[in-house]
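Chemist: From first to last, the protein sequence lines are chains A and B. The first sequence begins at 983 in the working numbering and counts up by one. The second sequence begins at 983 in the working numbering and counts up by one.
Watch out, some of these pointers could steer you wrong.
The list treats identical chains as interchangeable, and a pair is accepted whether it falls inside one copy or across any two copies.
Stated by the list, open to error - Derived pair list, reagent style DSS-like, types lysine-lysine, alpha-carbon separation capped at 30 Å: (1) LYS1048 to LYS1018; (2) LYS1251 to LYS1300; (3) LYS1196 to LYS1048; (4) LYS1018 to LYS1136; (5) LYS1229 to LYS990; (6) LYS1246 to LYS990; (7) LYS1196 to LYS1250; (8) LYS1250 to LYS990; (9) LYS1136 to LYS1211; (10) LYS1300 to LYS1246.
Source of the hints: derived by calculation from the structure; they are not laboratory data.
2 protein chains.
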Amino acid sequence: MLISPTNKPQIFITMGDPSGIGPEVIAKSMASPALKGLAVFIVFGDMDVMARAAETFGRGSFRLRKLENTESQADPDEEAVNIIDPGPPLANSRYGQPTRGGAEKTLSCLDAAVDIMRRSSAETPKALVTAPVNKEKIAEIHPGFVGHTEHLQKAYGSALVTMVLVGETLRVVPVTRHIPLREVASALSVDLIADTLEQVASNRRMITGGEDAKIAVAALNPHCGEGGKIGTEEIDVIAPAVERARKFYENIEGPVSADVVFYKALQKKVDIVVSMYHDQGLSPFKMVDFDNGVNMTLGLGHVRTSPDHGTAFDIAGKDQASSSSMEQAIRLAVRAISTA
Amino acid sequence: MLISPTNKPQIFITMGDPSGIGPEVIAKSMASPALKGLAVFIVFGDMDVMARAAETFGRGSFRLRKLENTESQADPDEEAVNIIDPGPPLANSRYGQPTRGGAEKTLSCLDAAVDIMRRSSAETPKALVTAPVNKEKIAEIHPGFVGHTEHLQKAYGSALVTMVLVGETLRVVPVTRHIPLREVASALSVDLIADTLEQVASNRRMITGGEDAKIAVAALNPHCGEGGKIGTEEIDVIAPAVERARKFYENIEGPVSADVVFYKALQKKVDIVVSMYHDQGLSPFKMVDFDNGVNMTLGLGHVRTSPDHGTAFDIAGKDQASSSSMEQAIRLAVRAISTA
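In isolation and in its complexed conformation, chain A is listed as follows (with noise of 0.2 Å):
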């Protein structure tokens, strides 16, 4: 099913939250003339939600075409934007006033958009872009979601997913994601680390777009631990696990302090910077891509990217988002197929 007349990949979009500036930044991305038929575009959201952003920023220059029954042969029509709904439509919807039911939409999109990509032919390449959710009210109605990330590991049944943000300037991956920093230095193992390593090993064409990729890996206490008078890990954790990912791919350095590997990294030395949590990695990420970032997350089959920005309520509908990183998102994720 879902089998594109070419063998042009397929990009999944899920729409996110209808109330924040997904749709709008869909319509728009879907507008723009660089990302014409780079792809075949699915759109997993609702009809009339879509139907409205499109008229409204799509100016025109695409049409939508609602697949109406996906367990078909349907072929997506790659001249126009593929909707798939699964129901049931959402009722008044609004610009910038989130709801349960507009939550409960974004789930269920994101849903059979995972479940359409689990159980597609793996000839077609694909991959999927989200747009951002609302974590709060979709919490509300699925508790313990606290992100794309997460969720889709459980979807996919994956052992082991890493998060990447792609930037034009940096390239980061934190090793721990959404825990207290309290919790960081224990949740850290030989294997955890390696793992990752190797995974953004394997898939650092993906994330580089080219041949080669230097690794670095950030220590985890000030100045690199001074040889275990601040702190054990560099020792205990983080140089095995170096040294293990090396056999596997040996342009890995590490570990090296957090207030230099960055610097490295700016200056070129450097093209991915593996941290060990959440804001040493985010920290310095934003500071210099804040506004192009790309969330890219590795080990579900397929890659799934979306752009680094929130559903941004206050703005939405009012044409003031920009759709720079979505865009960003879409073409990264057609260049990850092409380098799969």
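Starting from the known structure of chain A, arrange chain B on it as the hints suggest.
Modeler: Only chain B this time, still in chain A's reference frame:
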């Protein structure tokens, strides 16, 4: 004692490790036309080491004057660079080859400077500028030595000292410093953060050179703890500390997500960022101010600054070391005196 004929500020400079680049960058700074006449300079160092550095790197632009008896009313010479050598002379000091004797002399120069500063009249404005030391070698003769900041805190009997990194682009203050990351969360308290904020606020003009300063406080956990879902320190510790400190100085904001606050600082929406731990502040700082950072210590009764580089034994004596950071440290010390 050490009363300048005029009311010029006195800048006390410690030599640092004699085998490192300390003597070289001091001599180059003393030769800098930009610093001439800004202050009365008194260097605590080995006479032979400083004479050699002055000869090699001073370019004949200043003379050294040894103050023989620091207990007398010896007036420092405003036209010369004054040297106080606590003795005994250091034999056979070689660049690039740190020795135990060199470490002993480093420490005795530092302690002599502290001793004289603590006992000298409050009338003459003064500040301390320290050249880099070899922490490992000093720790061999003085167990527990982890760095200038902590050593000076003990020597001055200060209840709280605060380390400030002052760069051209950013100014950051880590609340905790050289401790393992796993101990950071437990080391934070409302009092420590609030006291640090008040010390920073009291010295904001020293730090920024301006009248007012917007101070922002970084969160500890990812996404600022997401309302307690990813850690509770924002709610239990940081927010109450900010609330307390705002009664002392209003222009304090926080906690702000770490991956947002440094971006805001880069955009000049924040003047000083107070971070919860070493790398949280130092990693962003070194990205943009790697080569021009100055370390400042508050809480000693007078300001202390130092260049933000190490002993650099590998290039010592080779005329490769830049005195730019040392010169900035001296300039910042002079500015701190004038705004104190």
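Chemist: Taking 30 Å as the upper bound on the Cα-Cα distance, should LYS1018 and LYS1136 be classified as within, between, both, or neither?
Modeler: neither (33 Å within a copy, 67 Å between copies)
Chemist: At 30 Å max between alpha carbons, let me know whether LYS1246 reaches LYS990 within a copy, between copies, both or neither.
Modeler: neither (38 Å within a copy, 42 Å between copies)
Chemist: Using 30 Å as the alpha-carbon threshold, which applies to LYS1229 and LYS990: within, between, both, or neither?
Modeler: neither (36 Å within a copy, 62 Å between copies)
Chemist: Reference check for the pair LYS1196 and LYS1048, CA-CA at most 30 Å: within, between, both, or neither?
Modeler: neither (44 Å within a copy, 52 Å between copies)
Chemist: What label fits LYS1048 with LYS1018 when the C-alpha limit is 30 Å: within, between, both, or neither?
Modeler: within (19 Å within a copy, 77 Å between copies)
Chemist: Is it within, between, both, or neither for LYS1196 and LYS1250, if the alpha carbons may be no more than 30 Å apart?
Modeler: within (9 Å within a copy, 33 Å between copies)
Chemist: Is it within, between, both or neither when you check LYS1251 against LYS1300 at 30 Å Cα-Cα?
Modeler: between (42 Å within a copy, 25 Å between copies)
Chemist: Under a CA distance limit of 30 Å, which applies to LYS1136 and LYS1211: within one copy, between copies, both, or neither?
Modeler: For LYS1136 and LYS1211, the Cα distance is within 30 Å only across copies (19 Å; inside one copy 39 Å).
Chemist: When no copy is named, should LYS1300 and LYS1246 be tagged within, between, both, or neither for a Cα gap of at most 30 Å?
Modeler: between (40 Å within a copy, 24 Å between copies)
Chemist: What label fits LYS1250 with LYS990 when the C-alpha limit is 30 Å: within, between, both, or neither?
Modeler: neither (33 Å within a copy, 46 Å between copies)
Hint violations for this structure: numbers 3, 4, 5, 6, 8, all remaining hints satisfied.
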